[in-house]
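So the protein sequences, as listed, match chains C and E.
For the first sequence, position 167 matches number 166 in numbering that gives the first Met the number 0, and the numbering has no gaps at all.
For the second sequence, position 230 matches number 229 in numbering that gives the first Met the number 0, and the numbering has no gaps at all.
Just to be clear, a hint being listed does not mean it is correct.
Claimed, not checked - List of simulated lysine-lysine pairs, DSS-like, C-alpha gap at most 30 angstroms:
(1) E/Lys442 / C/Lys103
(2) C/Lys205 / C/Lys185
(3) C/Lys112 / E/Lys442
None of these hints come from the bench; they were simulated from the model.
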Amino acid sequence: MSNKLLEIKNLFVKAEEKEILKGIDLTINKGEIHVIMGPNGSGKTTTANAILNNPEYIKEKGEIIFDGKNITNTKTDEIARQGVFMSFQLPEEIPGISVTNFLKYAKSKATGKPIKVFQFKDELAKYMEELNMNPKNMERSLNVGFSGGEKKKNEILQMLVLNPKLAILDETDSGLDVDAIRTVSKGIEMFKNKDNAVLIITHNTKILKNLTVDYVHVLVDGHIVKTGGQELASEIEEEGYGKYKKEVSNNE
Amino acid sequence: MSKSKVKDIDRNIYDIKNKDEYDFKVKKGLTKEIIEEISEQKNDPQWMREFRLNALEVYNKLELPTWGPDLSELDMNEIATYVRPKSKLNTSWDEVPEDIKTTFDKLGIPEAEKKSLAGVGAQYDSEVVYHSMKEELIKQGVVYTDMETAIKEYPKLVKEHFMKCVPVYDHKFVALHGAVWSGGSFVYVPKGVKVDIPLQSYFRLNSPESGQFEHTLIIVDEGASLHFIEGCSAPKYNKINLHAGCVELFVKDNAYLRYSTIENWSKNMLNLNTKKAIIGKNAQVDWVSGSFGSKISMLYPMSILNGEGSKTEYTGISFAGKGQNLDTGFKVVHNAPNTSSVINAKSISKSDGKCTYRSLVRINENAKNTKSSVSCESLMLDDTSISDTIPVNDIKTDEVEFSHEAKIGKISDKAIFYLMSRGLSEEDAKAMIVRGFAYPISKELPVEYAAEMNNLINLELEGAIG
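Here chain C stands alone, though its shape is the one from the complex:
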């Protein structure tokens, strides 16, 4: 049985008429934690959106294989139901739908089965306690008026409830505070097992402090210019992306 969960092959993606990804290759196996790092505008968020086939991002070339299936042109909801989750940097606010009802609904869609109410409630209570969430927020409208930290927790809670095979965490915001970082690490710790995988997208090395990651990829100007282990993150923390930016301009 193949251990391969996600495979991106020679992916070119355009957004708003601009070429963003210029030939990306990436393989993620079950049980692994990957990190994509890169400066602003390098294509990190585009990568996440391309995997989920956000219609605002146009794939020009290449393919994405998930769990043995070609999902390059699959609709977002179908990709989600196959087990890909993305935590948003700026989650949308949906007035009039409570967090609890949304989670129940999404969970039943993800599993294709009706919710077992009591089991679901217990599970939810457990996660919320671990993430130190205020139960009152569960009856509030989804993300409406939530603080940045509350939104972050809510995204991680959704990840835990939906229990995907691959969780993509878009953490491109440089303004992540200590609490948010703790939320993300705690969430990953609870989520991670040998059968699933995590892809963290960030340019913030602080988030990696409490995590053991398997691979770090450096994304600059739409290319993965270097892949290494955790030490690569430390290098970038000290030296920045300057060296890699030069490499790209030399190559072009």
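Since chain C is already given, all that's left is putting chain E on it; use the hints.
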């Protein structure tokens, strides 16, 4: 493929067409002879016969409104204004003729009565075929009956109030109503009596090329309270049907009335309804209104705050799909000090459907220390839908707190993507956003009606994704 959380309804429920059977149908058109015939058939007292004929004269003098949707396709010569069903007024569902009963059964009316209502009225075409109320309310002196019975049994009360709140010269369709009105409900809640469970009247127009002109007259006496629910629907025909009902609410000092409507007329209906409340000292009227059906609606419930310290709140939503033009809103007149009004209107439009929010807030000189806040929000589901906002604010005193907020926007692609990334289909995602948008209104309705409203939303959204 995808099933929504709210149980899908069978769209056929609203569209059940019974054979156009009737006991009596007046010939089409609008003449003195026709009005006299209706009056004769209805066995009107003399004053009512004169009232009708006078209203017809007013009708003939008044012009069509020069603003709002185009009503030129309405030809009164093609409308039968009175259709008496093959049923007398019954007090037991068992006595209602089978086909009529089946219709109301499918609409869930008798079931709702058993579960959650204190009384029910059901009108089929021009006459009320069923009316009943819980025994304990009868004992407390509450009156809930059809208008025809009320004229006979409470002549003084009816004559004192009938079309005094909404006078016949208000506009052309009110005059029409005055001439041909039939059916509707009469409610009287005596001083201090609190009716905790809602009363509901349901209006069903079955007959093609006809009109429904029910008259609802509610008097909530001092310190009393009531929740009244009105539902309406009709099967779809190719030719125009007309609904020009009239609702008059007299809410005396310290009384409270909540008036809720879920309207789902078929899309060949012109819905030109008039509703007005006169509100006494420290009294309150709350309107909750959901407009889904009809080809054209012109509907602007109105509160007249005559008593010091009186209050009104309007919470309404309109949903215009293909070929629909829903011109709805609210009017309030502040005539006394320390009064307050809160207007919260929402609209949803899709596939070239048009929603217009039209409102009037008038605060007169003597209405010192008045508060009024208006908020209207429109959601458009695609590029062809149309939404407009036409508020008129006429404020004649300085001592007011007035705010107005309007928001028009298209459904957010980002929000749809966000929900789809959680496994919801595009259709489910849109439905969730729309239901959430409508939630401030549906939460004001009793649970069963909120569910019906969500069902109507799902129904309207069906096939929205091409």
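For each hint, the structure was consulted:
1. E/Lys442 / C/Lys103: holds, 19 angstroms
2. C/Lys205 / C/Lys185: Cα-Cα ~14 angstroms, so holds.
3. C/Lys112 / E/Lys442: Holds, because 27 angstroms separates the two Cα atoms, which is no more than 30 angstroms.
In this structure, every one of the numbered hints holds.
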